[in-house]
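Colleague: Each chain, written out:
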Amino acid sequence: MANFLLGRLLQSLVLLLIVSVIGFAVLHLAPGGPLAQFALIPGLTKEDLARMAHEMGLDRPLPMQYWEWLTRLLGGDWGHSYRDNRPVLDVITGRLPATLELMGAAILISVLAGAWIGVMGAIRRYSIFDMLATIGAMVALSIPTFWFGLIVIYIFSVHLGWLPPGNRTTVGGDGSFLDYLHHLIAPAAVLALVEVAIWSRYIRASMLDVVNQDYIRTARAKGLPERTVLWHHALRNALLPMIALAGVEIPTLLGGALVAETVFTWPGMGRLLLDSLGYRDYPVVMGILMFSAVLALLGNLLADLFAAVADPRVRLA
Amino acid sequence: MNKDRKNEITSNTNPLLTTTRRRLLAFGASAGALAWAGPKTGWIASAEAATPPSKPTGQAVIGLSQEPTVFLPLLAHIEVDEGVYFNLFSALWRVDEKGAFQPDLVAEVPTVENGGISADGLQWHLKLSPKAKWHDGTPFTADDVKFNIELIQNPKFLAGRRAGIDLIEDVKVVNPTEVTFKLKKAYAPLPSILSWTFLVPKHLLEKASDINKPEDFLAHPVGTGAFKWVERVPGDHITLTASDSYHGTGPYLEKLIFKYVPELTVLYTQFQTGDVDYVGIQGITPDHYDEAKTLADRHVTPVPQPFIENIAFNLGKPVFQDPAVREALYLAMDKQSVIEQIYYGLPSQTESFLPKQSWAFNADLPKHAYDPEKAKKLLDDAGWKPGGDGVREKSGVRLEFTNSTTAGNHVREQAQQLLQQNWADIGAKMSIQNFPPAVMWGENWTNSKFDSAMVGIDFMVGPDPDATQYFASTGIPAKGGGGDNTTQYANADVDKLLAEGASTVDVAKRKAAYLKMQELTRKDLPYLPIFQYAMVQGVKGKLEGFTPNVNVQENCWNACTWYWAS
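Chain order of the listed sequences is A and B.
Take our numbering: the last position of the first sequence gets the number 317, and nothing is skipped along the way.
Take our numbering: the last position of the second sequence gets the number 883, and nothing is skipped along the way.
It is possible that part of the hints are untrue.
Computed cross-link-like contacts, DMTMM-like style, restricted to lysine to aspartate or glutamate with a CA-CA straight-line distance of at most 20 Å [unchecked claim]: (1) B/691 - B/841; (2) B/463 - B/495; (3) B/501 - B/487; (4) B/673 - B/871; (5) B/572 - A/174; (6) B/652 - B/841; (7) B/840 - B/644; (8) B/463 - B/486; (9) B/702 - B/690; (10) B/840 - B/810; (11) B/766 - A/47; (12) B/473 - A/174; (13) B/473 - A/90; (14) B/502 - B/812; (15) B/572 - B/871; (16) A/46 - B/483; (17) B/826 - B/430; (18) A/46 - B/681; (19) B/796 - A/47; (20) B/694 - B/742; (21) B/702 - B/688; (22) B/684 - B/841; (23) B/652 - B/698; (24) B/691 - B/710; (25) B/473 - A/47; (26) B/415 - B/823; (27) B/694 - B/651; (28) B/840 - B/812; (29) B/530 - A/55; (30) B/530 - A/90; (31) B/711 - B/768; (32) B/530 - A/179; (33) B/833 - B/644.
Rather than coming from a laboratory, the hints here were simulated on the basis of the structure.
Could you build all of it, start to finish, from the sequences and the hints given here?
Modeller: In structure tokens form, the structure reads like this:
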């Protein structure tokens, strides 16, 4: 076990290094730069821009910039945001609560609803319910989130007035728990739609594998009630492959949603990434990249560990 | 395109200019009557009788499609940051909607007449307001003024604007409310520059270890404005609250909130549902204008902006060096269709680089007329003959070029397509090559690497018509100059007139120089002026006191006098 962990850790470090090199190169080689937004501001001269480039460290050769960034990062300094002059780590952690709230709610809804739809679809294979669920999943996966989000706002906020048109809380409001909840409904539902479709398909497939296994037949033969057979014996085994999927979902959970966060004016990580990319705020973009990479690796590692705990057949070597 | 709007916006004199308070009210009233009978009578009566409350009450939410992030106002920043500055900080004086300077941190605005400025424009004597205080209670004094001038001049400081202030020397603190300084040479735009130079506190910044990143100050900025800092939720909003020690009129609102709504359609929706009280910066998108006008209890009206939309020619490219080409392209441009069909008739046609509201605006420039036949004849006469594929050429140079602007700006993309067609009609081949903003306005623009560009520019220095940055031949960055002359325009007469206009404080002489200069740029056409921008302003019905002001880049300039009609 210890060997396994150590090996994975070393592997992860090498991967992170590769990710950072590629990310840094692509980001800096992409045309444009953080100074472009000032080009149309009257009064800034070429000398002023050069001075700013120097302050940002942009006038040095790229490998040197990378080396400086890397050594600072290893020393625990993630750098300063160009856009709002705060430490990158503060900028990123400041956005985590909003993203956790939204993605957590969306994933919770989608796992619960997805499991139910998937199981029902599997035990009543080719029933009308199953067919509707299949069609529904295809439609949900195909609808662009941007469009769907705007439609939801148009119907439920502008026309019916039931839900707020985005934002995490009422602007200038008291920020009560109910207020947060009220604002969470629409974006979480829109995001969950796609996730429900994905989860229900996976669980349906996994359930179908399991219900035809011998031990299910044995359970039935023992005379166990159908409910116990399905929800205890079958679903537990069907969920095992889902652990790996959940591991992959962890970066999604914290990485935020680019589109939904824009439409619903949600101040999360997805918006931060978009704003930082638009601005070419290199330190923040690199920070988000490394943060997501760490999460992805961690998610996979956790998934492997949990799989070993949950499934005695899996041995870590 | 609907005809009503055409008449409304473009009839005889430009109604955009006469947008007075009364007009705003009339606009809102008819809109209210269309949708809702109920509140109409109520609000119009109360609006006219309304007076500000005796103590700050209520809150206003200003919706912005960009996020303010720079809270040390002397650092380089973008327009959207200024909305916060106008309310959190103060300048020595501010410029009102008529272009007049009103005292802010000074007791009186210095002029030659009141002895504040010497007749040659070189000696300045400022008398400061004794009432002004920083939000932490420390009095604002002459030492602060001196500190700010020195900070802007400090070469290590990444100042957003040095022009004009770099001419100041010999700053002397006479007593806590009086300060004098000298200028190296007379510079007429200085009062305008000082009107948007927001002063920062010496006692909090002099000890900052890195003056470009004073973290404590940036996290909790302290100013002398009508509102003081409460908090910023990054990516979401900034909250200010009424200052109890403000030296000027107001504030009447208890809270002012700047809410960041990145998506323009969503911003409009939030205005529709009432979550946002005022739509700032770009305003409501033109395609929503018709619907917005019918909203109950909202004032929706186009207001002029200082930005001029242009086709900028890179005169470094051989194809644009022949004046006949530039003039022919101008003649072949169907300006009216661009304005009517693509911009919903909101902006107004112009021939100048100055907004019509400027005191130096030349209203007698030759009027543009769409005349492709004349354009063809002009090119024929100048020796540009159609080649095999219909594209004209002259001595080996093909009349072929690219036009670039910000990718993803759909409205501009449509305008480009229209011009592409217009110009194809006279044998000029334009291809569209757009870039993301960070690319377009980086090297490509600043170092004149483009052929032609579609760009909206505010050529003025605040309310001052000095456009040296953009037209002086010494300011061509591609040739090592320090300005923004990216078209690489060089005209000795223009240089002379610009120098004349900037070096005298005599307004009549300045005006003569700038009128003449506009004739020259209209003739030389380094930029083809298309129109002066108007934005569709949206304000909630009962929010009183809002006044459009073409002399500032951000319309929250007078939020200290906004209030809710009861």
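Colleague: For a C-alpha distance cap of 20 Å, please report whether residue 652 of chain B and residue 698 of chain B respect it.
Modeller: Cα-Cα ~24 Å, so violated.
Colleague: Compare the distance between the alpha carbons of residue 572 of chain B and residue 174 of chain A with 20 Å, and conclude whether the hinted pair is satisfied.
Modeller: holds, 13 Å
Colleague: Decide if the proposed pair is consistent with the structure: residue 691 of chain B and residue 841 of chain B, CA atoms, cutoff 20 Å inclusive.
Modeller: Roughly 18 Å separates the two Cα atoms, so the pair holds.
Colleague: For the pair supplied as a hint, residue 473 of chain B and residue 90 of chain A, is the alpha-carbon distance within the 20 Å limit?
Modeller: violated, 26 Å
Colleague: Tell me if the straight-line CA distance from residue 473 of chain B to residue 47 of chain A falls inside 20 Å.
Modeller: This hinted pair holds, its Cα atoms lying about 12 Å apart.
Colleague: When you check the alpha-carbon spacing of residue 463 of chain B and residue 495 of chain B, does it fall within 20 Å?
Modeller: Distance of about 11 Å is within 20 Å: holds.
Colleague: Given the hint that residue 826 of chain B pairs with residue 430 of chain B, test it: the Cα-Cα distance must not exceed 20 Å.
Modeller: holds, 17 Å
Colleague: Given the hinted pair residue 684 of chain B and residue 841 of chain B, is their alpha-carbon gap at most 20 Å?
Modeller: holds, 15 Å
Colleague: When you check the alpha-carbon spacing of residue 694 of chain B and residue 742 of chain B, does it fall within 20 Å?
Modeller: holds, 13 Å
Colleague: Is it true that the CA of residue 530 of chain B sits at most 20 Å from the CA of residue 90 of chain A?
Modeller: With a Cα-Cα distance of about 15 Å, the restraint between residue 530 of chain B and residue 90 of chain A holds, given a limit of 20 Å.
Colleague: CA of residue 501 of chain B to CA of residue 487 of chain B, is that 20 Å or under?
Modeller: Holds. Residue 501 of chain B to residue 487 of chain B sits at ~10 Å (cutoff 20 Å).
Colleague: For the pair supplied as a hint, residue 796 of chain B and residue 47 of chain A, is the alpha-carbon distance within the 20 Å limit?
Modeller: With Cα atoms ~13 Å apart, residue 796 of chain B and residue 47 of chain A stay inside 20 Å; holds.
Checked against the numbered hints above, the structure breaks hints 12, 13, 18, 23, 32 and satisfies the rest.
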